[in-house]
Amino acid sequence: MFFKKKINILDILNIIGKKKKIKKKLFIYKIANIHDAEKGDLTICNHDKYLNFLKKTKSSACIIKKKYKKYVPANCYPIISINPDIDFIKVSNFFYKDFIVDKVSKNFLRLSTIVKKYKKNIFGSNFICEKNVKLGKNISVGHNVIIKENCIIGNNVNIGSNVIISHSIIGNNVNIGDGSNIGKKGFGFKVINKKIIRVPHVGKVILKDNVEIGSNCNIDRGSITDTIIGEFTFLDNQVHIAHNVQIGSYCIIAAQVGIAGSTKIGNNVEVGGQSGISGHLNIGNNVKIAGKSGVIRNIEDNKVVMGYPSQDIKEFIKNNRGLIKKK
Amino acid sequence: MFFKKKINILDILNIIGKKKKIKKKLFIYKIANIHDAEKGDLTICNHDKYLNFLKKTKSSACIIKKKYKKYVPANCYPIISINPDIDFIKVSNFFYKDFIVDKVSKNFLRLSTIVKKYKKNIFGSNFICEKNVKLGKNISVGHNVIIKENCIIGNNVNIGSNVIISHSIIGNNVNIGDGSNIGKKGFGFKVINKKIIRVPHVGKVILKDNVEIGSNCNIDRGSITDTIIGEFTFLDNQVHIAHNVQIGSYCIIAAQVGIAGSTKIGNNVEVGGQSGISGHLNIGNNVKIAGKSGVIRNIEDNKVVMGYPSQDIKEFIKNNRGLIKKK
Amino acid sequence: MFFKKKINILDILNIIGKKKKIKKKLFIYKIANIHDAEKGDLTICNHDKYLNFLKKTKSSACIIKKKYKKYVPANCYPIISINPDIDFIKVSNFFYKDFIVDKVSKNFLRLSTIVKKYKKNIFGSNFICEKNVKLGKNISVGHNVIIKENCIIGNNVNIGSNVIISHSIIGNNVNIGDGSNIGKKGFGFKVINKKIIRVPHVGKVILKDNVEIGSNCNIDRGSITDTIIGEFTFLDNQVHIAHNVQIGSYCIIAAQVGIAGSTKIGNNVEVGGQSGISGHLNIGNNVKIAGKSGVIRNIEDNKVVMGYPSQDIKEFIKNNRGLIKKK
Numbered sequence: 005m006f007f008k009k010k011i012n013i014l015d016i017l018n019i020i021g022k023k024k025k026i027k028k029k030l031f032i033y034k035i036a037n038i039h040d041a042e043k044g045d046l047t048i049c050n051h052d053k054y055l056n057f058l059k060k061t062k063s064s065a066c067i068i069k070k071k072y073k074k075y076v077p078a079n080c081y082p083i084i085s086i087n088p089d090i091d092f093i094k095v096s097n098f099f100y101k102d103f104i105v106d107k108v109s110k111n112f113l114r115l116s117t118i119v120k121k122y123k124k125n126i127f128g129s130n131f132i133c134e135k136n137v138k139l140g141k142n143i144s145v146g147h148n149v150i151i152k153e154n155c156i157i158g159n160n161v162n163i164g165s166n167v168i169i170s171h172s173i174i175g176n177n178v179n180i181g182d183g184s185n186i187g188k189k190g191f192g193f194k195v196i197n198k199k200i201i202r203v204p205h206v207g208k209v210i211l212k213d214n215v216e217i218g219s220n221c222n223i224d225r226g227s228i229t230d231t232i233i234g235e236f237t238f239l240d241n242q243v244h245i246a247h248n249v250q251i252g253s254y255c256i257i258a259a260q261v262g263i264a265g266s267t268k269i270g271n272n273v274e275v276g277g278q279s280g281i282s283g284h285l286n287i288g289n290n291v292k293i294a295g296k297s298g299v300i301r302n303i304e305d306n307k308v309v310m311g312y313p314s315q316d317i318k319e320f321i322k323n324n325r326g327l328i329k330k331k
Numbered sequence: 005m006f007f008k009k010k011i012n013i014l015d016i017l018n019i020i021g022k023k024k025k026i027k028k029k030l031f032i033y034k035i036a037n038i039h040d041a042e043k044g045d046l047t048i049c050n051h052d053k054y055l056n057f058l059k060k061t062k063s064s065a066c067i068i069k070k071k072y073k074k075y076v077p078a079n080c081y082p083i084i085s086i087n088p089d090i091d092f093i094k095v096s097n098f099f100y101k102d103f104i105v106d107k108v109s110k111n112f113l114r115l116s117t118i119v120k121k122y123k124k125n126i127f128g129s130n131f132i133c134e135k136n137v138k139l140g141k142n143i144s145v146g147h148n149v150i151i152k153e154n155c156i157i158g159n160n161v162n163i164g165s166n167v168i169i170s171h172s173i174i175g176n177n178v179n180i181g182d183g184s185n186i187g188k189k190g191f192g193f194k195v196i197n198k199k200i201i202r203v204p205h206v207g208k209v210i211l212k213d214n215v216e217i218g219s220n221c222n223i224d225r226g227s228i229t230d231t232i233i234g235e236f237t238f239l240d241n242q243v244h245i246a247h248n249v250q251i252g253s254y255c256i257i258a259a260q261v262g263i264a265g266s267t268k269i270g271n272n273v274e275v276g277g278q279s280g281i282s283g284h285l286n287i288g289n290n291v292k293i294a295g296k297s298g299v300i301r302n303i304e305d306n307k308v309v310m311g312y313p314s315q316d317i318k319e320f321i322k323n324n325r326g327l328i329k330k331k
Numbered sequence: 005m006f007f008k009k010k011i012n013i014l015d016i017l018n019i020i021g022k023k024k025k026i027k028k029k030l031f032i033y034k035i036a037n038i039h040d041a042e043k044g045d046l047t048i049c050n051h052d053k054y055l056n057f058l059k060k061t062k063s064s065a066c067i068i069k070k071k072y073k074k075y076v077p078a079n080c081y082p083i084i085s086i087n088p089d090i091d092f093i094k095v096s097n098f099f100y101k102d103f104i105v106d107k108v109s110k111n112f113l114r115l116s117t118i119v120k121k122y123k124k125n126i127f128g129s130n131f132i133c134e135k136n137v138k139l140g141k142n143i144s145v146g147h148n149v150i151i152k153e154n155c156i157i158g159n160n161v162n163i164g165s166n167v168i169i170s171h172s173i174i175g176n177n178v179n180i181g182d183g184s185n186i187g188k189k190g191f192g193f194k195v196i197n198k199k200i201i202r203v204p205h206v207g208k209v210i211l212k213d214n215v216e217i218g219s220n221c222n223i224d225r226g227s228i229t230d231t232i233i234g235e236f237t238f239l240d241n242q243v244h245i246a247h248n249v250q251i252g253s254y255c256i257i258a259a260q261v262g263i264a265g266s267t268k269i270g271n272n273v274e275v276g277g278q279s280g281i282s283g284h285l286n287i288g289n290n291v292k293i294a295g296k297s298g299v300i301r302n303i304e305d306n307k308v309v310m311g312y313p314s315q316d317i318k319e320f321i322k323n324n325r326g327l328i329k330k331k
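Chains as they are written, first to last, in our numbering: chain F, 5 to 331; chain U, 5 to 331; chain D, 5 to 331.
So that you can see chain F by itself, here it is in the shape it has in the complex:
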C-alpha cells in the first residue's frame, strides 16, 4: 500500500552481478521477511533457524547460501549468494531506492478541499493532508498537522497539533498528543567495512483502537514488518518506540520509556517511567517493570521486575535494603 513496486527479477539479479536467463517472466512486488513472505515477494533465508519457514515459503524468490538450495520449494526462485545479507541490502536499496530517506512531498490537498470532503471533522490551521489519505468520521485534527499519503485514520480520532503521521494505519478512538511523530523510518542501517549503509524501511505503524499516545513521542515504522501497538494501550510523553516493536493490549507505558527494535511486549504490561527495553526481546503478559529499569533479557508472564539489569523486584528490594523504604 505504502511502497508499491513491480520489478523484473532480471533487474534484481543484475544488481547483484548475476546475468541469468529465466524462462518465465517473473515480477517481484515487494520485499518481505521469511516469516510472512507471500506470492510476489522476494525474501532472504540467512540462518538455519529459518529453514522451516524456507521449506514452506510462498514467496516468489529467496536469497540464500548455496547449501540451502535443496530446501527451496518449486514456487520460489532461489538466488544463490556468497553473502546473502549484503546482497539483500543491495536488492532492498535498489527496490526501494525512493524510500531510503523520507523526503517532503508537494502532492497534498488544499485545506479547503479537505474541509469540503469531510464536513463533520474539525481541522486546525495549516493542515497538510497528502493524497489518498482516508479519514474516518468525527475526527479532530490540531494545527500544523501533517498526514502523509495512503495513511488510514479511523473514527473518533483526536490528533494534537504539530503531529506528523506517515505510513500508518490508525484505528478508532485513538488520541495522539501534540508534537508526536508516528511512522517515520527507523534507526536501521548496516555497518559494512566500517561504512554505515542506510537501508529502506518499508513497514508500517499500526495503532489499534483506543490507543493513546502522549506528547513528543516517536513511533518508528517497521523495516520490513510493522510496528504495532495494541488496543487500549496508553503511552505517556517522550516515549520512543523503535521499528518493528509490537506491544499488546491494555499496556501502560510511562514517560520517557524507550523500547528498542523488534521487541515484543504482551498484554496488560506496565512499564515505569524512563525504563529501557533492549531490542529483540520477548516480554510476557501481565509483566510489571518498575521505573528506570534496564531490561536486557526476556521476561516471563506475570513477573514484576526492577533494576539495571532488571531482576525480580523482591530480589531488587532485598539487594537494596535500606534504600527503598521511606524514612
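Mixed in with the good hints there might be a few duds.
For chains that are exact copies, the list does not tell them apart, and a pair is met inside one copy or across any two.
[Stated by the list, open to error] With a straight-line cut-off of 20 angstroms between C-alpha atoms, the simulated SDA-like cross-links for lysine to any residue are:
id, residue 1, residue 2
1, K107, N136
2, K53, K268
3, K198, K292
4, K292, I328
5, K110, S129
6, K124, N159
7, K107, N159
8, K199, S253
9, K107, I118
10, K107, N130
11, K307, N324
12, K110, N130
13, K318, I328
14, K53, K69
15, K34, D102
Because the hints were derived from the structure by calculation, they are not lab data. Keep in mind the model is a prediction, meaning the values are calculated, not measured.
Please build the complex by placing chains U and D on the supplied structure of chain F, with the hints as guidance.
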C-alpha cells in the same frame, strides 16, 4: 477560569444512581480536592488521613463512605457512596465531559487582529492565539506558536517556535524553548476491571517569574490541583514534568529529567541529567541529585544523593570505589 | 559570522568599573576562549593550566588576575581583575546583549522568493528562511521548517518537517529528522550569590558531511567554541547533545542518549540507548557503551563499558551474573 461550569447537584446525584430530593437549590461550580476545596466545590474524602480536612471543609458537597458522615460540617452536602473513588470519577467525567480529551479549537484570532492589539510585541508567522488570552508587554512569540484560550502571559516573556501553551499562567521574564508543550492534560486515568478509564484534567500550569524552560519539554497541567514551577527555576531540554508536580525556586533541572506526578520539590534543588523522581514524593530544599539517579523515596533538606535507587552520595562513592575517580 | 560585533575596549573596561586611558584605539570583535583566541578577540585566563596558552595568545585583550600579568605578550592588552570569572560574564553579557535569549526575527524571505532563487530544491509549506542563509543544491526541506540567519546548508541535504536550525553549518548529504532543533542556545549560566545569571552562547553547531539526526533531537550550539558532529555519525530519536560537545566520525548514538556539555567523543564510538555521558569527559576511539550506562569518567580507546557508573563490560557481567543471560 479554564473550566467554568454550573451543575445542579441533582444531576450529579443522578449520574451515580441516586434519586434524592434536596430542599434548597444547590449548584456545583467545580471539582476540587479535599485540601483546598471552597464553597461551590464538590470534593472527595476517601481515607482516614484526610479526616481533618473533611471536618473543616468549606466545600458544598463531598463524596464519602457512610462511616465519615458524622464528620461532614453543615455547609457540606454528604454524598454517601459504597465506592467513592469510582463515583468521583463518574462525577468528574460527567462534570468535565468536554475536557477528557484536548480538542482543537477554531475559535482563534487572526494574526492581524493580534498585531493591532499588541503593537509592542513581536509575533512570528502562523501564530494561533485563541480568544480571551491575555498577553503582557514586550513579548516575543516564535513561529507556529499556539496559545489556547484563557491563558495569561506576563511581561518580557520570550516564547520559542512550535511551542504550545494551554491552561497556563505564565509569569514575567519567562523563556520557553522551541517545541515545548506546556499545559496539556496529564497521563492520568483509572484502571477499573482491567479497563483504562480516561479522567478529566482540570488543573493549570503556573510558571512563576523568571522561569526558563528548554526545548522539547513537556509540562502537563494538574489533574485537580496545579502544576507549579517556582521563580528562577531553569529546565534544560527534553524534561518531562508530570501533572500536579510542584517545584520551588532557584532549581536547576538538567536535560532529560523526568518527574512523576504529584511530587513536590523544594528550593535551590539541583537535578542532574536523566535523573528520574517517582511520584508523590517530597524532595527538600537545597537537595542535589546527581545525574541519572533514580529517586524512589523522600529526601530531606540539604542531602546530596546519587544512584538507583538513590542514596547518600558518600555511600554511593564508597560502594562504587574504583568506578568514580578518573584514571 | 553569526555574532558580528565591534566594540571599543574603553566601553568594555567601563562595564567592569575601570576608567583607564589607552593610547592606541583598540577594538574587540569577538569573545573567544584562551585555546583559540585570535587577533581582535577578548579572552580570559583563569587558571594556571592555561598559562602556556596565555604566553602565546594572539588575542587583543585578556582578563586575568594580577599575578598573570607578566605572562601576557605585547600584542595583548591585560585587563586586571579581582574576580576574572565574574568580570568575563559581565563583559560577555555586555558584548552579546542581544544574544542572551533567542528571539524571533521578522527578517525572513517569502517562500516565493526562495523558490525562485533555488529552483532545483524542494520546499515544503510554511518554510521560514531568514536572510543570508546559503542553501546548497538538491535539498529537500519539510513543512514548517525554520532556518535562521547566516546558516549554511550543504548539497543533498534532507530536512524533515518542524525542524528549526540556527547558528549552524550543515555539510553535504546530511539528514535531519522531523521536529529536531539544531543550534539553539545551550543550558549555560552562572550561579552567583544564589542568583542564576544567563550568559550568551555565541558558538555554532557544525554537522559534517553524511551526518544523520533522528527525530525530536536537540543539538545545542556552543557557548564560545562550537558543537561538532563528525561525518557519518548517526543519531537516533530524542537524543540530547549539549553545548560544546564534539563527536567524531562514524559514531552510532542510539535513542534517548544524553551527552552533557563540553564532552569529547572519538571516532567509531557506539552509544546504546538511554545512556548518559557527563560533561567535560574524553571518550576515546572505538569505545562501545552499552545501553542505559551512566558514564562519569574518561574512557580510553577500544574499551567496552556498561553500568552506572560504567565499568568494563566483563566486570559488569561478572558483577551481575545471573541477570544477564537469557533464561
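Hints, one by one, checked against the model:
1. For the identical chains of this complex, K107 and N136 are intra-copy neighbours only, at 17 angstroms inside a copy versus 24 angstroms across copies, given an alpha-carbon limit of 20 angstroms.
2. For the identical chains of this complex, K53 and K268 are intra-copy neighbours only, at 19 angstroms inside a copy versus 42 angstroms across copies, given an alpha-carbon limit of 20 angstroms.
3. With identical chains, the CA atoms of K198 and K292 are at most 20 angstroms apart between copies only, with a shortest distance of 14 angstroms across copies and 39 angstroms within one.
4. Taking identical chains as interchangeable, the C-alpha atoms of K292 and I328 lie at most 20 angstroms apart whether they share a chain (17 angstroms) or sit on different chains (19 angstroms).
5. Proximity of K110 to S129 under the C-alpha cut-off of 20 angstroms is found in both arrangements, the shortest distances being 18 angstroms within a copy and 8 angstroms between copies.
6. For a Cα distance limit of 20 angstroms, the shortest separation of K124 from N159 inside one copy, 11 angstroms, qualifies, whereas the shortest one across copies, 40 angstroms, does not.
7. In the homo-oligomer, the alpha carbons of K107 and N159 lie at most 20 angstroms apart only across protomers (14 angstroms), although the nearest pairing inside one protomer, at 28 angstroms, exceeds that limit.
8. Proximity of K199 and S253 under a CA criterion of 20 angstroms is satisfied inter-copy only: 10 angstroms between copies versus 39 angstroms inside one chain copy.
9. In the homo-oligomer, the alpha carbons of K107 and I118 lie at most 20 angstroms apart only across protomers (18 angstroms), although the nearest pairing inside one protomer, at 23 angstroms, exceeds that limit.
10. In this homomeric assembly, K107 and N130 come within 20 angstroms of each other (Cα to Cα) both inside a single copy, at 19 angstroms, and across copies, at 16 angstroms.
11. In this assembly of identical chains, the alpha carbons of K307 and N324 lie at most 20 angstroms apart whether taken from the same copy (19 angstroms) or from different copies (19 angstroms).
12. In the homo-oligomer, the alpha carbons of K110 and N130 lie at most 20 angstroms apart both inside one protomer (14 angstroms) and across protomers (12 angstroms), since each shortest distance falls under that limit.
13. For a Cα distance limit of 20 angstroms, the shortest separation of K318 from I328 qualifies both inside one copy, at 11 angstroms, and across copies, at 17 angstroms.
14. In the homo-oligomer, the alpha carbons of K53 and K69 lie at most 20 angstroms apart inside one protomer (14 angstroms), although the nearest pairing across protomers, at 60 angstroms, exceeds that limit.
15. For the identical chains of this complex, K34 and D102 are intra-copy neighbours only, at 14 angstroms inside a copy versus 45 angstroms across copies, given an alpha-carbon limit of 20 angstroms.
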